[in-house]
Amino acid sequence: MNRDVNMMNPTAGVAANIQVGPKKVFITGAAGFVGQYVVAAVLRAGHEVLANIRAKTDVERISWHDHPNVTFVRQDLRQRRGLVDAVAPADAVIHLAAVKSGDFYDQFAGTVIATENLLWAMRSAGIKQLVAISTFSVYDFLNMKPKRLLDENSPIESSPQNRDEYAQTKLIQEQLYRAFAADASEVAEGAKPIQNAVTILRPGMIYGRDNLWHALIGAEVGGNRMLKIGGKATLPMTYVENCAEAIALALNAPQAVGQTINLVDDNLPTQKAYLAQLLAYTPEPPKLIPVSWFVMRSVANLAWWYNQTFLSGQAKLPGILVPAKLQGRFKPLKYNNNQAKALLNWAPQYSLETAFRRSCSALDLVAVPLPDSPEIPEGIPIQVGC
Amino acid sequence: MTAVLNPTAQALSKSTPKPVLKAAVIGTGVISKQHLSFLQTCDRAALVGVCDLSPAAVDYAVKTFQSGKGYTDYTQMLAHEKPDIVHILTPPQTHLPIATDCLRAGAHVICEKPIAPTYKEFKDLWQISRECDRYLIEDHNYRFNGPVRSLQALIEDGTLGEVQEVEIRMALDLRSGGRYADENLPSPIHKMPAGVIHDFITHLSYLLLSLMPHTDHPEGFDRVSAAWSNHGGGDLFKYDDLDALVISGQAHGRIRFSSYTAPDCFAITVRGSRGYAETDLFQPYLRCVVPRSVGKQLSPLVNHFYSGWELMSASVRNFRSKIMQRNAYDGLHYLLGETYAALSEGKAPLIGFEDMARTSRLVEALLAQENRL
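Residue numbers (the UniProt record's numbering), protein chains in the order written: chain U, 1 to 386; chain R, 1 to 373.
Source of the hints: derived by calculation from the structure; they are not laboratory data.
Keep in mind the model is a prediction, meaning the values are calculated, not measured.
Heads up, a few of these hints could be off.
In silico PhoX-like cross-links for lysine-lysine, where the CA-CA straight-line distance does not exceed 25 angstroms [as the list claims (entries may be wrong)]: (1) K100(U) with K322(R); (2) K56(U) with K147(U); (3) K100(U) with K120(R); (4) K228(U) with K23(U); (5) K347(R) with K82(R); (6) K56(U) with K238(R).
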């Protein structure tokens, strides 16, 4: 188990400074669910954006697509050809791109190999600042005691083979980040080597427009039915606009370099409270079948024991019947965002109620004012909604 | 031709009298899981090295399959590990240069299909293997799946009579997602002569040829006619549909590939002069309709009973297989097991020159302009 998660750069005699101020930022996954909001937050903070998207991505649906401070870079991170040239003009990189669907090998290519290629290109181009987006999924939920605090010093998963493909690939990705953080290169003869400046952010479940029904509520069982597992557990979540702002703040937070920081909002709701909000905004919700946490945990433990004892652990069971996967989603634990507030100077702007209201409104939440134009605090009305 | 056993490899098998061959793997994509899991458990193989361009992929494979040392340059791996056998699992366009280097380094080669994009390249590679006195083996795994071996037994023991028709039908929904439909970074297979169908045409061809009666025709078949279509259109897919007829003597063979029929299947039907048998390798069962000892009047009834019983039994077996993560690759494990057994004892492997040559010639004939509908 790795408990020293915040000691990425223990090497003595190296510097890991970043320059504070406007930057040119290469953002991967720029057109994705989180990426759209991160680009908007980075633009609003006065930076220029090199928005990395895939060859066939339609960008005209995103309102900042014609912003003068945005340049699109169509480059698939799964291949190296052209990548150094694409990254080279940037001062810093925010790495959001990851694959959450498909089999292990699809996710490995889209998450691990993409990261490996990106870091190779950064090394080749001499770009030293990386804001790396990880996930809460890397924590070892199974071996944590219930109702205890999960923070940045909690152990990370030591048996990834028992977790889903997403957790497995994100764990490997974090190893790559740490190897990159340990790099130090001499920029001039006799000068102190400059270490790469890496900040690893681990958001909890990111919710927002188009992603209000998520995996921490329950498990789909087909036919528009869902098992609602538990009800009292606190949900480690962050609203997408809050999260995007924290990621943007990391660009100019020297004190966050070399740190691993969890991102969760203030006043986290319980499953029950979140579901109440969700149902209020969902005209045709799925049929919910409540199952207590005790019952579900017992069933999963029994299935696990049977599999190990009689089937040599070879049976592939649904995720909710695998204790490590089940506990990664539903275990009751406590969370805080002290580190994020202290190191990023972050204060989550939107409460749960506001987040729902905005998500289900007709506002363009990624609207960005043109340079020298007045701020647009509430976004531009467009035809959307829940 | 005999397998040369490295003394170090032999030392690795102290616990068993069986000779052990040093194995190496090049390429860690999807199919590598099957090859590496076989090598992890095979008592005739010592996995000494894995190579891929991605260091992270190599690291993952080494840790997951306890596979000796990792490399990102296969020529270094060949020089340092001196493997007896190399599994080449890279895209087809790379097979010729990599296999050539492996053969010249003294290793037998097991290569994923298609072994070469054209018959000419296959012959060039075969010539090199002869010069190096090493075996070259293309993966014809589905020939050795349980139901296919059962079909072959029914043909050989005369249960089906003289084979008149063979149909190999594969349906895969390649258009609606997944790695083949990825327009952002198209799979290298799209550049092969048959486009994405080239990833499957080897399987369809060797299965057809192995179940049809042998012919004296030098090509291995008499006449071929093929309709290649791109029903879905667009630039990514060259073809997404194939309907081909192969005639060999009196026997008719049909190869069918569809991206549009549901559900996904890999169905094989063999019709003979006495009866027919069918299976689906994705949901394995074996239905056999032949004259029964109860006479002509009652045979249909008994056949229905047998078919019903087989389908019910198969539903239980397939459910268990799904839970236990057993998939359609049982033939690959069988083929690799027999290949390692043969090579370690200095015998010829299951897949020989004629198997690969006939398959490669059929693929070429299916693609030839003069044979197109």
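A quick look at each hint next to the structure:
A threshold of 25 angstroms between alpha carbons decides the hint, and for K100(U) with K322(R) the separation of about 23 angstroms falls inside it, so the pair holds. Among the hinted pairs, K56(U) with K147(U) is inconsistent with the structure: their alpha-carbon atoms are about 45 angstroms apart, more than 25 angstroms. As the CA atoms of K100(U) and K120(R) are separated by approximately 42 angstroms, the hinted pair breaks the 25 angstroms bound. Distance restraint check for K228(U) and K23(U): the Cα-Cα separation of roughly 45 angstroms exceeds the 25 angstroms cut-off, and the hinted pair is therefore not satisfied.
For the hint linking K347(R) to K82(R), the alpha-carbon distance of about 21 angstroms falls within 25 angstroms, and the restraint holds. For the proposed pair K56(U) and K238(R), the alpha carbon gap of about 19 angstroms is at most 25 angstroms, so the pair holds.
In this structure, the hints that do not hold are numbers 2, 3 and 4, in rising order.
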